[in-house]
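> Chain by chain, the residues run as shown.
Protein chains: 2
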Amino acid sequence: VVLPTGERLDDLRRLRKDNTGYDLKQLFIGAEGTLGVITAAVLRLVPRPRGRQLAWVGVASPAAALALLALAQAHAGSGLVACELVGETVLGFALAHVPGLRRPLEPPPPWSVLLEVASHRGEDDARATVEALLAEALAAGVARDAVLPSSQAQADALWRIRESLSDAQRPEGLSFKHDIAVPLARIPEFIERADACVQALAPGARIACFGHLGDGNLHYNVSQPAGAPAAAFEPLRGAVAEAVHALALALDGTLSAEHGIGQLKREALAATAPPVALALMRRLKATIDPAGIMNPGKVL
Amino acid sequence: VVLPTGERLDDLRRLRKDNTGYDLKQLFIGAEGTLGVITAAVLRLVPRPRGRQLAWVGVASPAAALALLALAQAHAGSGLVACELVGETVLGFALAHVPGLRRPLEPPPPWSVLLEVASHRGEDDARATVEALLAEALAAGVARDAVLPSSQAQADALWRIRESLSDAQRPEGLSFKHDIAVPLARIPEFIERADACVQALAPGARIACFGHLGDGNLHYNVSQPAGAPAAAFEPLRGAVAEAVHALALALDGTLSAEHGIGQLKREALAATAPPVALALMRRLKATIDPAGIMNPGKVL
Chain A
1 VVLPTGERLD
11 DLRRLRKDNT
21 GYDLKQLFIG
31 AEGTLGVITA
41 AVLRLVPRPR
51 GRQLAWVGVA
61 SPAAALALLA
71 LAQAHAGSGL
81 VACELVGETV
91 LGFALAHVPG
101 LRRPLEPPPP
111 WSVLLEVASH
121 RGEDDARATV
131 EALLAEALAA
141 GVARDAVLPS
151 SQAQADALWR
161 IRESLSDAQR
171 PEGLSFKHDI
181 AVPLARIPEF
191 IERADACVQA
201 LAPGARIACF
211 GHLGDGNLHY
221 NVSQPAGAPA
231 AAFEPLRGAV
241 AEAVHALALA
251 LDGTLSAEHG
261 IGQLKREALA
271 ATAPPVALAL
281 MRRLKATIDP
291 AGIMNPGKVL
Chain B
301 VVLPTGERLD
311 DLRRLRKDNT
321 GYDLKQLFIG
331 AEGTLGVITA
341 AVLRLVPRPR
351 GRQLAWVGVA
361 SPAAALALLA
371 LAQAHAGSGL
381 VACELVGETV
391 LGFALAHVPG
401 LRRPLEPPPP
411 WSVLLEVASH
421 RGEDDARATV
431 EALLAEALAA
441 GVARDAVLPS
451 SQAQADALWR
461 IRESLSDAQR
471 PEGLSFKHDI
481 AVPLARIPEF
491 IERADACVQA
501 LAPGARIACF
511 GHLGDGNLHY
521 NVSQPAGAPA
531 AAFEPLRGAV
541 AEAVHALALA
551 LDGTLSAEHG
561 IGQLKREALA
571 ATAPPVALAL
581 MRRLKATIDP
591 AGIMNPGKVL
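These protein sequence lines map, in sequence, to chains A and B.
With my numbering applied, the first sequence has no gaps in its numbers, which climb one by one up to 300 at the end.
With my numbering applied, the second sequence has no gaps in its numbers, which climb one by one up to 600 at the end.
Please keep in mind that the hints were generated in silico from the structure rather than gathered at the bench.
Certain hints may be false.
Unchecked claim - With a straight-line cut-off of 20 Å between C-alpha atoms, the simulated DMTMM-like cross-links for lysine to aspartate or glutamate are:
| # | chain 1 | residue 1 | chain 2 | residue 2 |
| --- | --- | --- | --- | --- |
| 1 | B | LYS585 | B | GLU332 |
| 2 | B | LYS477 | B | GLU558 |
| 3 | B | LYS477 | B | GLU534 |
| 4 | A | LYS25 | A | ASP10 |
| 5 | A | LYS25 | B | ASP323 |
| 6 | A | LYS17 | B | GLU332 |
| 7 | A | LYS17 | B | GLU558 |
| 8 | A | LYS298 | B | ASP318 |
| 9 | A | LYS25 | B | GLU558 |
| 10 | A | LYS25 | B | GLU332 |
| 11 | B | LYS585 | A | ASP23 |
| 12 | A | LYS285 | A | ASP23 |
| 13 | B | LYS325 | A | ASP23 |
Stated by the list, open to error - Listed below are several chain A residues computed to face chain B (Cβ distance under 8 Å; list not exhaustive):
| # | residue |
| --- | --- |
| 14 | ARG13 |
| 15 | TYR22 |
| 16 | GLY216 |
| 17 | LEU300 |
Every residue, glycine too, gets a C-beta built ideally from N, C-alpha and C.
Here chain A stands alone, though its shape is the one from the complex (with noise of 0.2 Å):
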């Protein structure tokens, strides 16, 4: 890390274990660049799995995908390297506008979860992994349906479906995007309340909802009316925003998961952080950068 100083903070360890005062490094990551200039890190590598399986399940609703994820880890273990959560509506957005996707299971399930498990062991224990937790899944009522593919180029398709979301929302118009994350157990209650008060804000809102549900974390996006004009939808953004941030909040979570504060969140941090927690940051902040020239404007 550079310093506002210009120092260079070196903290290029590769231990798994060092305990040898305060852990500097902490304080730099996820600072989105207001103490210091990260310009070099250290990465641990692990081996390449030797095979892996994917599944395109469909379920009936958020609490059977939660129900599927504990099932995916009960049968693999940290072997599950992936669990996304895909609803139909916006599945639909990229089944309409992004050219050469096909729908995975008709008819049409409520919601979709991609899942993905890696073996060590090789192509066939991935496979035999996802196929037991998939019989269970199904036998137990938790899964509706299922695809697994069984090429490389068909995995490739269905994880195409999965990266054509967020983009597959520009055409349906303008779009609020929020970054939520809350506990595990919650996020069937933060989708359904979130549902109520989004609707009972901008009826007629379109939930463009997925994201990584083994991280608790949606992108729990609104995008406006079908048809409607994107000027009577503009002015509801900070009504909806503060409504869903708020519920997150509510229910033990946070207003931003993976994209951070920058600017547009700003407000959003000084209005609801924990005012103790405000002040440390901002002495932190202070002390460290008292000029103020690292990446002004930014977090706080």
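Place chain B on chain A using the hints.
Just chain B now, kept in the frame of chain A:
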């Protein structure tokens, strides 16, 4: 955390992802109470593994132990939950002084590795994984010999040996303790060069070396020569520690992997930490605890 002002900083979030400003809790983890008093923590629970299998493996050298670790990781992935290195000298201390221990392998290998594999699939899977990795290690000459406990009582007896090592040094007289870590690949070089340093400074001293190989963390302890008076050994304490710590640092390691700084290593930290890091630690201390009332005299 209770801050020096008496204010309570509440950061008890149960989230895997949260990017809202500085990650304040990291400042207090490992600060040894010098910035505030940690009064509560959130723990993430993971399912208890359905099966476990232990093995005590004899190897010829630290380099062979490292090769065994790599094999174990390839076979067990993240299921490898323990990989402890035990030198013959300290094992001999334990067998001589701790009642009820039995030597696991005859003839005694120069080094032993206690490794444990956990499986979310069950006992059979854990045992099959350990048997497969040992078969490969024995065939490749990485392991000399191995014993697999076949009951919980036998497994407990092997762990009891490992857990006796700290106490077993006491009846052998004065012991200088060091808690170092180096990048994994440098463990063999560290042991070889440290042994030479210690023998040059303290001829006849006995190296009680054991630790958490998977973490690159060794308790590299130095017991006085057998039968000699402790008073003749004590004056060497500082020079031996300095040499051991200097070598660890020269190999990109640390002089405190898990035990922290406290009072004992405060001067060593001040003498060896990079000046920019040390100055930043002191600035943080002065900012958060300007009156110096939190665990005074420790760390800095």
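> A separate judgement is required for each hint: does it hold in the structure or not?
Hints, one by one, checked against the model:
Proximity of LYS585/B to GLU332/B is assessed by CA-CA distance (about 12 Å); at most 20 Å being required, the pair is judged to hold. The suggested pairing of LYS477/B with GLU558/B holds, with an alpha-carbon distance near 13 Å, which does not exceed 20 Å. A C-alpha spacing of about 12 Å is found between LYS477/B and GLU534/B, which places the hinted pair at or below 20 Å, so the restraint holds. Note on LYS25/A and ASP10/A: the hinted pairing holds, with a Cα-Cα distance of about 9 Å set against a maximum of 20 Å.
With a C-alpha separation of about 11 Å, the suggested pairing of LYS25/A with ASP323/B holds against the 20 Å cut-off. Between LYS17/A and GLU332/B the CA atoms are separated by roughly 15 Å; this keeps the pair inside 20 Å, and the hint holds. For a cut-off of 20 Å, the pair hint linking LYS17/A to GLU558/B stands: about 6 Å separates their Cα positions. Between the alpha carbons of LYS298/A and ASP318/B the distance comes to roughly 17 Å, so the proposed pair stays at or under 20 Å and holds.
A threshold of 20 Å between alpha carbons decides the hint, and for LYS25/A with GLU558/B the separation of about 17 Å falls inside it, so the pair holds. With a C-alpha separation of about 17 Å, the suggested pairing of LYS25/A with GLU332/B holds against the 20 Å cut-off. Between LYS585/B and ASP23/A the alpha-carbon distance is near 13 Å, which keeps this suggested pair within the 20 Å criterion. About 17 Å separates the Cα atoms of LYS285/A and ASP23/A, which keeps this hinted pair within 20 Å; it holds.
Between the alpha carbons of LYS325/B and ASP23/A the distance comes to roughly 11 Å, so the proposed pair stays at or under 20 Å and holds. A distance limit of 8 Å between C-beta atoms decides the matter here; for ARG13/A the minimum to chain B is near 6 Å, and the interface restraint holds. Hint status for TYR22/A: holds, given a least beta-carbon distance of 5 Å to chain B, under 8 Å. This hint holds: GLY216/A has a C-beta 6 Å from the nearest C-beta of chain B, less than the 8 Å allowed.
Proximity of LEU300/A to chain B holds as hinted, the smallest CB-CB distance being about 7 Å (cut-off 8 Å).
Hint violations for this structure: none, all hints satisfied.
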